[in-house]
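Asks: The chain contents come next:
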Amino acid sequence: MLVVTVTTESGQRRAPKAAKTSSVFKKAVMAVSGIILVLYLIAHMIGNLKAFAGREDFNHYSEWLRTIGNPALPGATTLWIIRIVLLVAVGAHIWAAVSLWRQAKRARPHGYVTKKAVAQSYASRTMRWGGVIIAAFIIWHLLDLTFGAVNKEGHAGTPYDRVLASFQNPVVTIWYAIALILLGMHLRHGIWSATQTLGQSNRRREVTVNYAATAIATVITVGFLLTPFAVLFGLID
Amino acid sequence: MTMTEDPTRATTAPHQERTMRITLRVWRQPDARSAGKMVSYKLNDVSPDMSFLEMLDVLNEQLIMDGEDPVAFDHDCREGICGMCGVMINGRAHGNGLHDGAVQTTTCQLHMRSFKDGDTIDVEPWRASAFPVIKDLAVDRRSFDRIIQAGGYISVPTGTAPEAHATPVPKKDADFAFDAATCIGCGACVAACPNASSMLFTAAKVTHLGLLPQGQPERNDRVVNMVAQQDAEGFGGCTNIGECSASCPKGISMETISRLNHDLLGALRAGTRPKS
Ligand code: HEM
Ligand code: SF4
Ligand code: FES
Numbered sequence: 001m002l003v004v005t006v007t008t009e010s011g012q013r014r015a016p017k018a019a020k021t022s023s024v025f026k027k028a029v030m031a032v033s034g035i036i037l038v039l040y041l042i043a044h045m046i047g048n049l050k051a052f053a054g055r056e057d058f059n060h061y062s063e064w065l066r067t068i069g070n071p072a073l074p075g076a077t078t079l080w081i082i083r084i085v086l087l088v089a090v091g092a093h094i095w096a097a098v099s100l101w102r103q104a105k106r107a108r109p110h111g112y113v114t115k116k117a118v119a120q121s122y123a124s125r126t127m128r129w130g131g132v133i134i135a136a137f138i139i140w141h142l143l144d145l146t147f148g149a150v151n152k153e154g155h156a157g158t159p160y161d162r163v164l165a166s167f168q169n170p171v172v173t174i175w176y177a178i179a180l181i182l183l184g185m186h187l188r189h190g191i192w193s194a195t196q197t198l199g200q201s202n203r204r205r206e207v208t209v210n211y212a213a214t215a216i217a218t219v220i221t222v223g224f225l226l227t228p229f230a231v232l233f234g235l236i237d
Numbered sequence: 001m002t003m004t005e006d007p008t009r010a011t012t013a014p015h016q017e018r019t020m021r022i023t024l025r026v027w028r029q030p031d032a033r034s035a036g037k038m039v040s041y042k043l044n045d046v047s048p049d050m051s052f053l054e055m056l057d058v059l060n061e062q063l064i065m066d067g068e069d070p071v072a073f074d075h076d077c078r079e080g081i082c083g084m085c086g087v088m089i090n091g092r093a094h095g096n097g098l099h100d101g102a103v104q105t106t107t108c109q110l111h112m113r114s115f116k117d118g119d120t121i122d123v124e125p126w127r128a129s130a131f132p133v134i135k136d137l138a139v140d141r142r143s144f145d146r147i148i149q150a151g152g153y154i155s156v157p158t159g160t161a162p163e164a165h166a167t168p169v170p171k172k173d174a175d176f177a178f179d180a181a182t183c184i185g186c187g188a189c190v191a192a193c194p195n196a197s198s199m200l201f202t203a204a205k206v207t208h209l210g211l212l213p214q215g216q217p218e219r220n221d222r223v224v225n226m227v228a229q230q231d232a233e234g235f236g237g238c239t240n241i242g243e244c245s246a247s248c249p250k251g252i253s254m255e256t257i258s259r260l261n262h263d264l265l266g267a268l269r270a271g272t273r274p275k276s
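So the sequences go chain by chain: Y and D. So in the working numbering, spot 18 of the first sequence is number 18, and the numbers just go up one at a time. So in the working numbering, spot 42 of the second sequence is number 42, and the numbers just go up one at a time.
No lab work stands behind these hints, which were simulated from the structure alone. Keep in mind the model is a prediction, meaning the values are calculated, not measured. Ideal Cβ placement from N, Cα and C applies to all residues, glycine included. Some hints could be false.
What the hints assert, rightly or not - PhoX-like mimics (lysine-lysine), calculated; alpha carbons at most 20 Å apart, straight line:
hint, chain 1, residue 1, chain 2, residue 2
1, D, K42, Y, K116
2, D, K37, Y, K116
3, D, K37, D, K135
4, Y, K105, Y, K116
5, Y, K115, Y, K105
6, Y, K115, D, K37
To be verified - Label pairs and their in silico Cβ distance ranges:
hint, chain 1, residue 1, chain 2, residue 2, range
7, Y, V90, D, Q214, 41 to 49 Å
8, Y, S121, D, R273, 29 to 37 Å
9, D, D119, Y, R83, 57 to 65 Å
10, Y, R125, D, Q149, 27 to 35 Å
11, Y, Y112, D, A161, 39 to 47 Å
12, Y, A135, D, P217, 23 to 31 Å
Working from the sequences, and respecting the hints, build out all of it.
Replies: Structure follows, in structure tokens:
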């Protein structure tokens, strides 16, 4: 199939030793950690909607999160287990993403003068930089609502007060909305991609998988945006 | 009796009416080590019936007449089956996707009627570190051969061909295996992929052999070694974007990639590790 000489010795590179270094293995790490994060997001979104039930219920829910399993388990054991699983998942996800990003950069050091996309979606194109923005958002989000460090109410107020303090500010709500739309797109491509990566897609299922990915991404994005916009427009106070 | 002449026909000669003027911007690079650049050339007598490669032949005749170095490009069968002829045409691999309505084509099967009189056409080589440029538009795709050598085969005793009925293959599997086997190893998938990943090529081979009874004994080793080799060659990882399948002259489907992943994860779980 080639006109050049057919010796294969020269230029032959050695295969990596461990399967761990395989790009497909890294993708599987990304897919599994991504799915853990998606499951968490669904639970988290349902929890956030408690804000519509009022101050009492919301704060009570927040308190419950810190006492799940009491008195069999001491203090916030369950919450800490969840936090550790999430930290490991985020760490693994970002490790795989960065490593594959660098591999892709090495694979094409000089780009085309003219390159046109034939099939790629905006969502698939923004996975990497979108992911970086989502990571920045998560850090800010924790400082704001979990630790209260960048929140007017600080750590002294109740969780409900911190939610109000944040989202009554339109700038915060808009930044939150942008991050969630990016997250929605990340999940739109990510859920389809994870299905492929885990070897669960085929030509027959492809359309269904893509619709399901859009549906889940939309529900998560809209579900998360209801609370901040309700606060901004004074439906919750 | 004489026929009345069509007045519109009488005034212009048929071939004049049909030739096109094309401006080409071609990537010129003397060898793998030197830097390259786009160079413009004008062609005045391009017939819409020419294939893209015939148009490049015309350019080269013109360059040779002018005492210049002709443009190096690869080709062999010129009938869409050998996989040698790929170039980027206006930013699309083999020019696939130039127009709405997916036309699956190789560069040799793309015709100049796909362009308009006066068009400027950019022609570039496949760009991937695993496909180094040899000269101008010709790239070295031996990395694909090494991926095949890593597992894209079955081991069988040689001798007379076995009785075809001895090994039944379900129709569905035979059809899909054949679809996957139509991959001609052209490299358009790598060229079009934003990650320069060879996943579609490798997946086509893994699917083709993995669906057939003859491919079973080496199935786990095949996928693990072929993936290890494509990583070692310096191809990027797949992110399921789909540019490959949309640019593939043979329409190899994204399902093959899912099958490769499925086989790879299964093989890793079964304890298969890459050789060497
Ligand atoms: C709430 C946070 C996140 C969730 C739920 C999530 C979810 C997912 C899922 C399900 C996938 C698909 C896995 C696959 O392709 O097989 C994925 C892929 C990816 N994620 Fe995330 N992710 C999150 C955050 C991030 C962050 C912070 C980054 C930053 C670096 C990131 C970067 C990527 C990249 C680069 C991919 C691969 C892109 C692709 O497959 O085309 N993600 N993510
Ligand atoms: S999968 Fe398609 S684009 Fe890739 S090498 Fe095979 S025929 Fe060419
Ligand atoms: S020259 Fe053989 S496929 Fe184009």
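Asks: Give a verdict on every hint.
Replies: Against the structure, the hints come out as follows:
1. Between K42(D) and K116(Y), the direct Cα distance comes to roughly 23 Å. Violation of the 20 Å bound is thereby established for this hinted pair.
2. Proposed proximity of K37(D) and K116(Y) is supported: the alpha carbons are some 19 Å apart, at most 20 Å.
3. The suggested pairing of K37(D) with K135(D) holds, with an alpha-carbon distance near 12 Å, which does not exceed 20 Å.
4. Between K105(Y) and K116(Y) the CA atoms are separated by roughly 18 Å; this keeps the pair inside 20 Å, and the hint holds.
5. Under the criterion of a C-alpha separation no larger than 20 Å, the hint pairing K115(Y) with K105(Y) is consistent with the structure, at around 16 Å.
6. Between K115(Y) and K37(D), the direct Cα distance comes to roughly 15 Å. Compliance with the 20 Å bound is thereby established for this hinted pair.
7. At roughly 44 Å, the beta carbons of V90(Y) and Q214(D) sit within the given window of 41 to 49 Å.
8. For S121(Y) paired with R273(D), a C-beta distance near 35 Å keeps the hint of 29 to 37 Å intact.
9. Look at D119(D) against R83(Y): about 59 Å separates their beta carbons, and that is inside 57 to 65 Å.
10. In this structure the supplied range 27 to 35 Å holds for R125(Y) paired with Q149(D), their Cβ-Cβ distance being about 34 Å.
11. Taken as a hint, the range 39 to 47 Å holds for the pair Y112(Y) and A161(D), whose Cβ atoms sit roughly 45 Å apart.
12. About 45 Å separates the C-beta atoms of A135(Y) and P217(D), a value inconsistent with the hinted range of 23 to 31 Å.
Hint violations for this structure: numbers 1, 12, all remaining hints satisfied.
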